[in-house]
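Novice: Residue numbers for the sequence shown follow the working numbering, so the first one is 1 and each next one is one higher.
Rather than coming from a laboratory, the hints here were simulated on the basis of the structure.
Ideal Cβ positions, reconstructed from N, Cα and C, are used throughout, including at glycine.
It is possible that some hints are incorrect.
[Claimed, not checked] Pairs of lysine-lysine, DSS-like flavour, derived with a Cα cap of 25 Å: (1) Lys-141 - Lys-231; (2) Lys-194 - Lys-231; (3) Lys-206 - Lys-231; (4) Lys-206 - Lys-289.
[What the hints assert, rightly or not] Restraint-style ranges between C-beta atoms, simulated for each label pair: (5) Ser-395 - Phe-447: 42 to 50 Å; (6) Ser-396 - Arg-285: 19 to 27 Å; (7) Gln-286 - Glu-196: 36 to 44 Å; (8) Leu-371 - Asp-432: 13 to 21 Å; (9) Ala-376 - Asp-126: 56 to 64 Å; (10) Arg-285 - Phe-18: 56 to 64 Å; (11) Asp-189 - Phe-18: 36 to 44 Å; (12) Gln-286 - Asp-126: 48 to 56 Å; (13) Arg-150 - Ala-108: 25 to 33 Å; (14) Arg-285 - Asn-191: 37 to 45 Å; (15) Pro-341 - Ala-108: 42 to 50 Å; (16) Gln-364 - Asp-281: 22 to 30 Å; (17) Gly-193 - Asp-423: 13 to 21 Å; (18) Thr-110 - Glu-277: 29 to 37 Å.
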Amino acid sequence: MIGTSGTKDGQHQFHERFGFRCVDGTRRYVEHYTEDVVIMFHDAAGGAGEYDDLVTRMRDEFPALAAVDHVPAIATSHRRPAKLDRRQDATSWQPVLFTPTVAADREALTALLDSGQVREVHDTIDAQIDELIRSREPWLKPDEDLAQRRDDQLGGLSDWEYGTWVLYPWSGRLVHVLPREEFRLVRTDRNRGKIERPQQRTLLGKKVGVVGLSVGNSAAVTFALEGIGGKFKLADFDEFGLSNLNRLRAGVHHLGVNKAVISARQMFEIDPYLDIEIFTDGLTRQNLKEFVDGLDLLVEECDTPYAKIAAREEARRHGIPVVMDCNDRGMLDVERFDEEPHRPLLHGLIGDVSADALETLTRQQKVDLILAMVDADRISPELRASFDELGKTLSSWPQLASGVALGGALTAEVARRILLGGDCVSGRFYVDFAELITPAANTAGSFV
1 MIGTSGTKDG QHQFHERFGF RCVDGTRRYV EHYTEDVVIM FHDAAGGAGE YDDLVTRMRD
61 EFPALAAVDH VPAIATSHRR PAKLDRRQDA TSWQPVLFTP TVAADREALT ALLDSGQVRE
121 VHDTIDAQID ELIRSREPWL KPDEDLAQRR DDQLGGLSDW EYGTWVLYPW SGRLVHVLPR
181 EEFRLVRTDR NRGKIERPQQ RTLLGKKVGV VGLSVGNSAA VTFALEGIGG KFKLADFDEF
241 GLSNLNRLRA GVHHLGVNKA VISARQMFEI DPYLDIEIFT DGLTRQNLKE FVDGLDLLVE
301 ECDTPYAKIA AREEARRHGI PVVMDCNDRG MLDVERFDEE PHRPLLHGLI GDVSADALET
361 LTRQQKVDLI LAMVDADRIS PELRASFDEL GKTLSSWPQL ASGVALGGAL TAEVARRILL
421 GGDCVSGRFY VDFAELITPA ANTAGSFV
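With the hints as constraints, model all of the structure from the sequences given.
Specialist: Okay, structure coming up:
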């Protein structure tokens with residue numbers, strides 16, 4: 001038997017387990033398939049490799065299975081399938097890393113591939129090495145042969161042995177990536193010119209805390225994309241619901257999953273070498289000190305008044321700057337407790353109210369407190385009109401994906417400035433599109 005096999009997702013390796021063998025020198029890129037394809041051959045008389053027993057048994061059973069009058073039981077049943085065990089899928093958030101040059105990892109990786117847990121193998125290490133070479137030598141011509149440089153980079157290792165294999169348990173994907181330093185060099189290569197290598201290293205050495213992973217998800221994911229922070233603490237007690245799909249970058253397969261878990265997964269899928277801790281009880285009296293300890297920056301995006309105040313009290317006590325986006329009129333709060341250890345919380349808008357005192361406030365007092373936090377005279381007309389409709393015609397505060405995405409960009413900009421020692425003062429700022437995108441702000445002029 002002679003045929004072809006793609007290589008992008010390890011198909012040829014799968015076929016090898018059935019006894020097929022690649023023909024040396026036949027691997028070629030095929031534009032129609034957008035991947036390398038290799039010719040494979042198989043001696044049918046030699047059996048089906050490690051699946052020979054299975055194929056032999058199925059050869060005898062197949063005629064009965066294929067009979068016209070044979071209908072699988074599942075096809076005649078209209079009963080609802082038994083509930084699947086989704087606990088692992090709902091709670092797993094940490095990838096598993098394997099280094100093939102380490103004997104124990106090599107054995108574990110081989111066992112994993114034989115276990116059936118891997119649903120998809122994604123291996124683009126050759127292309128990643130090419131990107132690594134070009135990021136180090138950007139003057140190379142696009143069509144220049146990189147074979148020798150690629151061999152030098154491998155240092156005698158096979159493609160399979162080089163770098164790291166990452167298992168994402170929640171999706172069953174096994175992904176092959178460059179070693180840590182090379183991975184990050186390539187991943188942030190196009191930040192250069194705006195964030196240079198020394199600055200990138202500085203940012204990766206910082207630890208960032210994000211409280212509230214609905215609006216805060218945009219900030220956390222943007223930070224991971226831009227390389228702002230190498231260590232993170234994420235806190236949220238809430239599970240992802242269908243109504244969150246209007247603003248949180250996730251999918252229907254995330255319904256019922258804790259928001260901190262979702263954010264950690266998304267960040268690890270951007271950079272599997274990140275160091276992340278999650279707090280699925282949210283920010284509480286019991287874990288507040290543990291959460292804030294060691295942070296270089298705190299992004300606060302939660303809805304609970306107690307958590308908002310308590311987080312700032314603890315951050316001020318340790319001299320940690322706090323950033324908050326309101327996703328209304330592009331409102332951004334910056335509190336430089338690292339430079340102003342006695343600065344009043346939320347710019348003094350809430351007076352001397354402490355987190356402990358919030359327990360004695362009435363519902364109306366808490367509403368008044370929230371209005372004071374956001375400066376009720378400056379909120380958008382739409383948000384102001386919604387206050388009287390909560391619990392009547394509206395189930396919660398109105399929020400839009402565009403506002404949340406803007407908030408992620410704003411917090412990332414400010415975080416980068418703070419962590420790199422740039423110019424960033426305490427205060428409240430507005431990036432209001434209703435004011436910025438107007439005829440009066442048009443810089444292109446009129447061509448009518």
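Novice: Output the indices of the hints that this structure fails to meet, ascending.
Specialist: 1
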